[in-house]
Structures are given as structure tokens and as C-alpha cells.
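Asks: The primary structure of each chain is shown beneath.
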Amino acid sequence: MSMSDRSHIVEQSVGLRFYLRLEHGFDAFFGAELNPWRHLGALGFLLFWIISVSGFYIYAVLDTSVEGVYQSIAWLSREQWYLGGVLRSLHRYAADAFVVVTVLHLLREFLLGRFTGFRRFSWLTGVPLIWLIYISGIVGFWLKWDQLAQFSAVATAEWFDALPIFATPLTRNFLSAAAVSDRLFSLFVFVHIGVPLLLIFGLWFHIQRISRAEVLPKRALSLGTLAMLMVLSLAQPVTSQQPADLSLVPSQLGFDWFYLFLHPLMYVTSAGMLWALIVALTLFLFILPLLPHGRASAIARVHPDNCNGCRRCFDDCPYAAITMVPHTNGRPGMQLAEVLPDLCASCGICAGSCPSATPFRSGPELVTGIDMPQMPVSILREDLEERLEKLSGEQKIVVFGCDQGARVADLEERDVASLSLICIGMLPPSFIEYALRGGAAGVLVSGCRGCVYRLGNLWTEERLTGAREPHLRATVDRTRLTIAWADRGEEQALAATLTEFKKTLANTPAHHQIAPPKRMTAHV
Amino acid sequence: MSKDLSGSKALSWVGQGLLYALFALFIGYFSTSPPYRHLAADQALIKLSFSLHGKLVSECRQRSPEELAKLPPNMRAPMDCKRERSSVTVEIDLDGAPVFRHVSIPSGLSKDGASTVYQRFPVVAGEHRVVVRLKDDQRAAGFNYSREATVTLLPGKILVIDFNLEKGGITLI
Ligand code: HEM
Ligand code: SF4
Ligand code: SF4
Chain R
2 MSMSDRSHIV EQSVGLRFYL RLEHGFDAFF GAELNPWRHL GALGFLLFWI
52 ISVSGFYIYA VLDTSVEGVY QSIAWLSREQ WYLGGVLRSL HRYAADAFVV
102 VTVLHLLREF LLGRFTGFRR FSWLTGVPLI WLIYISGIVG FWLKWDQLAQ
152 FSAVATAEWF DALPIFATPL TRNFLSAAAV SDRLFSLFVF VHIGVPLLLI
202 FGLWFHIQRI SRAEVLPKRA LSLGTLAMLM VLSLAQPVTS QQPADLSLVP
252 SQLGFDWFYL FLHPLMYVTS AGMLWALIVA LTLFLFILPL LPHGRASAIA
302 RVHPDNCNGC RRCFDDCPYA AITMVPHTNG RPGMQLAEVL PDLCASCGIC
352 AGSCPSATPF RSGPELVTGI DMPQMPVSIL REDLEERLEK LSGEQKIVVF
402 GCDQGARVAD LEERDVASLS LICIGMLPPS FIEYALRGGA AGVLVSGCRG
452 CVYRLGNLWT EERLTGAREP HLRATVDRTR LTIAWADRGE EQALAATLTE
502 FKKTLANTPA HHQIAPPKRM TAHV
Chain W
276 MSKDLSGSKA LSWVGQGLLY ALFALFIGYF STSPPYRHLA ADQALIKLSF
326 SLHGKLVSEC RQRSPEELAK LPPNMRAPMD CKRERSSVTV EIDLDGAPVF
376 RHVSIPSGLS KDGASTVYQR FPVVAGEHRV VVRLKDDQRA AGFNYSREAT
426 VTLLPGKILV IDFNLEKGGI TLI
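Residue numbers (this note's numbering), protein chains in the order written: chain R, 2 to 525; chain W, 276 to 448.
Simulated from the structure, these hints should not be mistaken for laboratory data.
One thing to keep in mind: the hints can contain errors.
Stated by the list, open to error - Every beta carbon over 12 Å from chain R, so not counted as near; a handful from chain W, in silico: (1) Y295; (2) I302; (3) A316; (4) A319; (5) L320; (6) K330; (7) L346; (8) P353; (9) T364; (10) V374; (11) F375; (12) D437.
As the list claims (entries may be wrong) - Simulated coverage check for chain R against chain W, where a stretch passes if three residues somewhere in it have a Cβ under 8 Å from a Cβ of chain W: (13) 20-34; (14) 375-385.
For glycine and all other residues, C-beta sits at the position ideal for the given N, C-alpha and C.
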């Protein structure tokens, strides 16, 4: 088996290419680490907490009776603009941003095809969250009981009355002011606050299969988002419209299109059409991951004889697909890694974390504690040796890349060899030292800007800087190594980095006398 | 050691600021604009809404002693009452022209529940002649309730046509 034969690389749709261009555009300003497009889920969490905290305050000071609420909220905006008013605006704008961010998160996962296989669970548990956000959000608009609230409540009632479920039509609750009781209003409050509690539960569920889920964005991104919402809240404070009057049709309304677009949509089509649309969309989202989507890749395999129970793979697996069980060798207290097949993403990050995955081990066959059947570490070593051997020139370079990121095969030359891994997180750091000792003048490590398997490039950076086990030995000359993150389609930028790297190498004399190539595999 | 192919520092601060501002503008704008007007400025709305139980389809009937004897002892009620109710028919004429006719079937499997209807009629504001006829008894020959009125509706005004027995049947509020 040769690694360059593998061709299961995803085709890019027009939408995806467009999206990636956008995402890359943001990298120029935010850097790959802080690019909001890569942290939409985490931003969603942040917004959720902003909404919760501001909501708590508003709820604590409001008079939530039909009669009192309008005055009470107007007072908040007028007399206490610096606190209650700002929090009210934050509550609303964060809620608007929440919808936007969630829908973008969904679209991004959709375009990247992230709804099948091991991601099915995350996808399926994500879909109901949108419903919950909309239910809570729309009912939230009713609580201030102004004309917008009235319009939205009546429109929603008309929408639900199109279903034959209520013996007394809901619309009868809004025929006259006398019909709207405090009891009904308490129900609104209950829904507006109760549904987010369900949402918390749903969110917890949503990230169950993701280890170290990023539930808050990085500091700079969080602060930037909060500052942006603050500025918006001060510049354009949220206010109520005319008080509700059920004997009148609300006149021209300042309209929140993020949540309330459903109502105009219903009036230009029909209640039945809106139901059909929404049910169809929901069903589509639910069925999507259940459709057949090609062959699944082989999952990680543990070789008990080579596993010492160090738990590194357990720590590094991005999808919590590894559990530690008592070792089959029966030694008391010793553990063994075990892969949970349904959760495994086939990313190979575990192979990169295993201490036994070092190419310096002698012996005819390199068997590691945990490995990918489609690309065992032993084959990786063989391939590296073979390719190094074929290189000619003064400065031989080895490029390690990954199947998801920039195509490193495009960089191959007389003096450049490339190896594409499943994920760059699969690279045991000792392979870099092995390549250098084997005659390479430099090693370029590349992978996606934002890892498709979430943690591959983070772990790689940490391992290569010595912050994480297994680390690249301190004695390895760091001037011989460069890391460049580049996505598919960015081969040219990567090539430019390589050219630059070559120049630097040419100007840096090697500190170490490089040992003559020493073959570790017996059978080549 | 690591490069991420991104731009310069100064450019990145300015760029981030602009992108945040753009997002804030997007949120700020669509949270209130463009304004939405549900009815044109010169229109008013008539809403027809009722929820009422039609009359029973058949009168209760005295069971004969023979019939009673045939029933199990715990079911020997002297009166035999069918629970099914009449459907409710409603018609509306507006300014002399019929605009609506609807037969509302009672809810419930044995058709013993309320009949309901809800309908909106946007109209040009001003004076209108409204005629409402309602029939809640299948056995009656014609409509057993009706109401006529000339109403003047200001723009944006909602006129509710409802049914309330205590208030004498059809109401216009
Ligand atoms: C309330 C809204 C939502 C929030 C706050 C949220 C948050 C998150 C977070 C924090 C992650 C983990 C990201 C990471 O650490 O790498 C995640 C992953 C994911 N979410 Fe959501 N999510 C939401 C809604 C949705 C929806 C509506 C969908 C799609 C139907 C969805 C699909 C996914 C998928 C497929 C993943 C897995 C990504 C991967 O495996 O790389 N989420 N979400
Ligand atoms: S291949 Fe990836 S997902 Fe599967 S066990 Fe290894 S690290 Fe976890
Ligand atoms: S990293 Fe390797 S040795 Fe350590 S527990 Fe996992 S399989 Fe076993």
C-alpha cells in the first residue's frame, strides 16, 4: 500500500468554494485562531449567556402583568437607560445575533458536509435547538405588549389555528383587551423562560460527543463580540412601540426580521403553506444525515501488546471515542485503550499521540498501540524512507500535510518529498526528527487552518513546541522545521512558504552533523 | 516556527473593527427595519370569530318500557338523547354583496363539540353595511339569527363579529 494512492478527497461544491473564500478573507484580519467563522458554535454559547444574564435582570425588575408590563419596561428604558435600558438592548441584540450565528453554524456544517457518520449525533441534536430558539424568541417579543407584540401574538395564533388541534381557537384569546388575561400572560413568561432551560439541556446534549468542546470563544473574540453589542445597545437603544390595542390593527411597525419574518411570510402565502415549508425544512434537516453517504473509513485499532495504558490517545481524541478499560494482559491496575466504533472519526489523531508510534523503534515491523488500518504508522515510516531515498539535490525537504488541507503533493520536486496524512494530528513528532536524521535538510508541516477534526493542528503545534506529549525532542534544531497552515486550494501560498523556507535553510548552516541515513525497516 | 498566512497587525486591527461594525450594522438594521405594515393605511379589518355549540340534532326521546327492559340494568336511562350537534352555518353580506358563507362542523368524534370559525376581511375604511346570518339548528328552516348594521370604520379599526347568547346572539364590537 502506498499512501499517495488514496484519493478519497472531498470534491468542493460551488457554495463551499464561495464560503471558503469568505472564511479565508476573514483570516487576513482575525488570524486563523480567532476567525469567527470557525467558532460559530462557541459564539452561540457566548450569546446565550449574554441573553440569560441580561434577561434575569429584566425579569427581576419588570412588572409582568398585562396592565403593568408596558409602563414598567418603558420606565426601564427611560429612567434607567444606563443599566436596565442597556441590558434590555443587549438582550434583544444578542438574541438577534444568536439566530444569525446559529443559522450560519448550521450552513457552515452543511456546506462542509458535516452531518454524516460520527457527526450525525451532533447534527441531529442541533436541529431541535433552532425550534427552541425561535419559540422562546418570538414569545419574548410578546412580553412587552406593544403593537409589535400584539401583531406577532395574533399572527402566531392564526398560524396555529390552521392546525386542527385546539378546541377553542387561539385567536379568540386576542379578540379584545378583556380576553387577554394575566393568566395568559404568565403562560408567555413561562414559555419564554422555560424553553431556554430546555435549550441548555439540548446544548449539553449537542456537545456530548465532542471532547473539549469549545463552549466559549477565545477571549479576544468574546470581548470583541461583547463590545460590539454594547456599542450597538448604546447607539440604538431598543424601545417599545405604541401600546397594544386589540381594537386596532397595528399601523407601521418597526420590525425584527430575524425572528418575526415568519409572520409576513405567512401573510404573503398562507398558514398552511408556512406549516408545509417549516415541516419540510425540519424533516429535510433530520433526514439528511440518515441518507446513504458513501463508505465509511476504517476506524482506529488498538494493538494491546503495544499499549501501555498511558491515556494519551484518550486525552487527545477529539470525539471522546476512546475509553480506558482494564488491560487484557491482566496486570493489576494496568489499562488498555478501547475504541468506541460509533464515535470514531477515523482521524488518526490517536496514532499521533501514542508513545509507541516512534519510527526509531527497531524491529522488522512497527506495531503501535493504536493505529489506522488504512494508513499504519509502519507504512508511513516505509514511505518516508523510500521517498527520502529518491530525493536528490543539496537541500532535501520533507513536507508532511493532510488529506483535508492544501494538497502537499503539488509541492513535490526533485528535492521535495510529500506525505499526506489523514489529519496532521496523526503525525508522531518523532517522524520529524527521523526525517532530519534520514537526510532531510528541513521539514515543513502543514494542515488545515481550522482542523476538520477540531484538534489536529492544535495538538500538532503543542507537540512540536514541547507543550504536549509526545513532544518533539528539544535537541532537534528548530530552524529546520516550519509549520504553515493552509487549506485546500491554497497550494500556491504554501508553495511560497516553502520557497521562503528553502531560502532560510540555505542561509542557516546546519548546527548538527547529520547522521548518515540509517534504515530502520528491514524489508526494503 | 508557525505561519498562518495572515496579514499585518495594523491592517488586522482595522479590518476586525470594520467587520465587527458591519455585523453590528446588520443586526441593528434588520432588528427594526425595513418597517412592516400589515394593512394598507386606508384599510380597516373585519374579523369574524365564533365558537359555539350548535343545537342537538334530535330531541330527547322517552324510552318505552320494552326498550328499557332490553338494556343492561346500569344503562336504563328513561331518556334517549343523541349527542350529535348541528353544524353552524354563517353568511356575511358586505355592502349588499355576499362575501362569505361557511358551514362549520362540530368538533369531536361524535360531533358533540363546538363549531368554530375565524375569518378576516380587510376592507377600505369608511361606512359599510354589514349583514350577518347564522343558523345553529339543522332542523330550522332558515337562519335563526341575523344582525344588520351600518358601521363606520376608521383606518386600522378592527370590527369583531362574534356570537354570544347572553348578549342576544350575533354581536358586533
Ligand atoms: C443553539 C445553537 C447551537 C450552538 C450554541 C451550537 C454549538 C456547538 C458547539 C460549541 C460545537 C462544538 C464545536 C467545537 O468545539 O469544535 C458544535 C458542534 C457541532 N454543531 Fe452545533 N450548535 C448549535 C446548533 C447547531 C445546529 C442547528 C446544527 C445543525 C443542524 C449544529 C451542528 C453541529 C455539528 C454537526 C457539530 C459538530 C462539528 C464537528 O464535529 O466538527 N449545531 N455546536
Ligand atoms: S481515529 Fe480520531 S476519533 Fe477515532 S479514536 Fe482515534 S483520535 Fe479518536
Ligand atoms: S496512546 Fe498508545 S499506549 Fe497510550 S493508551 Fe493510547 S494506545 Fe495505549
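Asks: I'd like to know which numbered hints this structure contradicts. Please list them from smallest to largest.
Replies: 1, 2, 3, 4, 5, 12, 14
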